[in-house]
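Asker: With the hints as extra help, turn the sequences into a complete structure.
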Amino acid sequence: MADAVSKIAARAPALVGREFGARDVRLAVLQPADRISLRAPAASLGALSKALGLTLPTAPKNSASKGKRSALWLGPDEWLVIDEGGRDPLADCASVKALHSAVGISHRNVGLSVTGAAAATINARCP
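Take the sequence shown: its letter number 85 is residue 113 in the working numbering, and every next letter is one higher.
Calculated from the structure, these hints are not laboratory results.
Hints are supplied without guarantee of correctness; some may be wrong.
Claimed, not checked - Here are the simulated lysine-lysine pairs, DSS-like style, with alpha carbons at most 30 Å apart:
| hint | residue 1 | residue 2 |
| --- | --- | --- |
| 1 | 78 | 96 |
| 2 | 94 | 78 |
| 3 | 125 | 89 |
| 4 | 125 | 94 |
| 5 | 125 | 78 |
| 6 | 89 | 78 |
| 7 | 96 | 125 |
Note that this is a predicted model, so its numbers are computed, not measured.
Answerer: Laid out in C-alpha coordinates, this is it:
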(Lines of atoms letter the chains of each structure in order from A and count residues from 1; the text may use other names and numbers.)
(Lines give C-alpha, C1' and ligand atoms only; values in the text may rest on other atoms or scores of the structure.)
Protein backbone atom coordinates (compact mmCIF):
# COMPACT_ATOMS: atom_id res chain seq x y z
CA MET A 1 0.00 0.00 0.00
CA ALA A 2 1.35 3.41 -0.93
CA ASP A 3 1.91 5.88 1.87
CA ALA A 4 -0.23 8.99 1.76
CA VAL A 5 2.12 11.91 1.32
CA SER A 6 1.13 15.52 1.72
CA LYS A 7 2.96 17.68 -0.75
CA ILE A 8 3.26 21.35 -0.02
CA ALA A 9 2.41 23.40 -3.06
CA ALA A 10 5.04 25.87 -4.10
CA ARG A 11 3.58 29.21 -5.09
CA ALA A 12 4.51 29.99 -8.68
CA PRO A 13 2.91 32.87 -10.57
CA ALA A 14 1.15 31.48 -13.62
CA LEU A 15 2.29 34.12 -16.08
CA VAL A 16 5.99 34.61 -15.20
CA GLY A 17 8.16 34.33 -18.28
CA ARG A 18 5.21 34.63 -20.67
CA GLU A 19 5.27 37.12 -23.50
CA PHE A 20 2.41 38.40 -25.60
CA GLY A 21 2.50 40.56 -28.66
CA ALA A 22 0.80 42.09 -31.62
CA ARG A 23 1.90 44.41 -34.36
CA ASP A 24 4.17 47.14 -32.90
CA VAL A 25 3.84 46.07 -29.26
CA ARG A 26 5.17 43.39 -26.92
CA LEU A 27 3.99 42.60 -23.39
CA ALA A 28 6.20 40.60 -21.06
CA VAL A 29 5.42 39.54 -17.50
CA LEU A 30 8.16 40.70 -15.13
CA GLN A 31 9.68 38.59 -12.38
CA PRO A 32 7.81 38.67 -9.04
CA ALA A 33 8.70 41.49 -6.65
CA ASP A 34 7.86 42.28 -3.04
CA ARG A 35 5.15 44.95 -2.90
CA ILE A 36 3.52 46.74 0.01
CA SER A 37 0.76 49.28 0.33
CA LEU A 38 1.99 51.90 2.79
CA ARG A 39 -0.20 54.51 4.52
CA ALA A 40 1.25 57.06 6.93
CA PRO A 41 0.85 60.63 8.15
CA ALA A 42 3.52 63.22 7.34
CA ALA A 43 4.97 62.96 10.85
CA SER A 44 5.97 59.32 10.22
CA LEU A 45 7.71 59.79 6.86
CA GLY A 46 11.19 60.41 8.25
CA ALA A 47 11.30 57.15 10.21
CA LEU A 48 9.72 55.15 7.38
CA SER A 49 12.07 56.64 4.77
CA LYS A 50 15.06 55.73 6.93
CA ALA A 51 13.80 52.16 7.42
CA LEU A 52 13.09 51.70 3.70
CA GLY A 53 16.39 53.23 2.60
CA LEU A 54 14.84 55.87 0.33
CA THR A 55 12.99 59.14 0.73
CA LEU A 56 9.25 58.66 0.30
CA PRO A 57 8.01 61.18 -2.29
CA THR A 58 5.50 63.77 -1.08
CA ALA A 59 4.48 65.41 -4.36
CA PRO A 60 1.81 64.06 -6.72
CA LYS A 61 2.88 61.85 -9.62
CA ASN A 62 6.38 61.28 -8.21
CA SER A 63 8.46 58.28 -7.28
CA ALA A 64 11.77 57.56 -5.62
CA SER A 65 14.21 54.72 -6.23
CA LYS A 66 17.36 53.45 -4.61
CA GLY A 67 18.95 50.24 -5.80
CA LYS A 68 16.18 47.76 -6.58
CA ARG A 69 13.60 49.43 -4.34
CA SER A 70 11.06 52.04 -5.49
CA ALA A 71 8.29 54.02 -3.81
CA LEU A 72 5.46 55.45 -5.89
CA TRP A 73 3.31 58.30 -4.55
CA LEU A 74 -0.37 57.30 -4.76
CA GLY A 75 -1.91 59.98 -2.57
CA PRO A 76 -1.08 62.43 0.21
CA ASP A 77 -0.65 59.60 2.70
CA GLU A 78 -0.25 56.51 0.47
CA TRP A 79 2.63 54.81 -1.39
CA LEU A 80 3.25 51.63 -3.33
CA VAL A 81 6.66 50.26 -2.35
CA ILE A 82 8.22 47.72 -4.73
CA ASP A 83 11.39 45.77 -4.00
CA GLU A 84 12.91 43.71 -6.81
CA GLY A 85 16.07 42.83 -4.89
CA GLY A 86 14.74 40.23 -2.48
CA ARG A 87 14.66 42.53 0.55
CA ASP A 88 11.42 42.58 2.52
CA PRO A 89 9.93 46.10 2.75
CA LEU A 90 7.19 44.85 5.07
CA ALA A 91 9.80 43.70 7.60
CA ASP A 92 11.63 47.02 7.25
CA CYS A 93 8.42 48.91 8.09
CA ALA A 94 7.68 46.59 11.03
CA SER A 95 10.70 48.01 12.86
CA VAL A 96 9.23 51.55 12.74
CA LYS A 97 7.37 52.69 15.85
CA ALA A 98 5.85 55.76 14.17
CA LEU A 99 2.19 55.53 13.15
CA HIS A 100 1.72 53.75 9.81
CA SER A 101 -0.02 50.87 8.06
CA ALA A 102 1.98 48.52 5.83
CA VAL A 103 0.22 45.65 4.07
CA GLY A 104 1.85 43.01 1.87
CA ILE A 105 0.22 42.97 -1.56
CA SER A 106 2.75 40.94 -3.57
CA HIS A 107 0.20 38.18 -4.13
CA ARG A 108 -2.26 40.43 -5.94
CA ASN A 109 -0.02 42.41 -8.28
CA VAL A 110 1.91 41.57 -11.41
CA GLY A 111 4.37 43.74 -13.32
CA LEU A 112 4.25 44.06 -17.09
CA SER A 113 6.83 45.40 -19.52
CA VAL A 114 5.28 47.16 -22.51
CA THR A 115 7.71 47.73 -25.40
CA GLY A 116 7.61 48.49 -29.09
CA ALA A 117 6.48 51.32 -31.35
CA ALA A 118 2.92 51.26 -29.95
CA ALA A 119 3.95 51.12 -26.27
CA ALA A 120 3.32 54.82 -25.64
CA THR A 121 -0.15 54.56 -27.17
CA ILE A 122 -1.07 51.58 -25.01
CA ASN A 123 0.31 53.17 -21.83
CA ALA A 124 -1.60 56.40 -22.59
CA ARG A 125 -4.86 54.46 -22.33
CA CYS A 126 -4.04 53.01 -18.88
CA PRO A 127 -5.69 54.77 -15.93
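Asker: Taking the earlier hints as the rules, which of them does this structure contradict?
Answerer: Nothing - there is no hint that the structure violates, so all of them hold.
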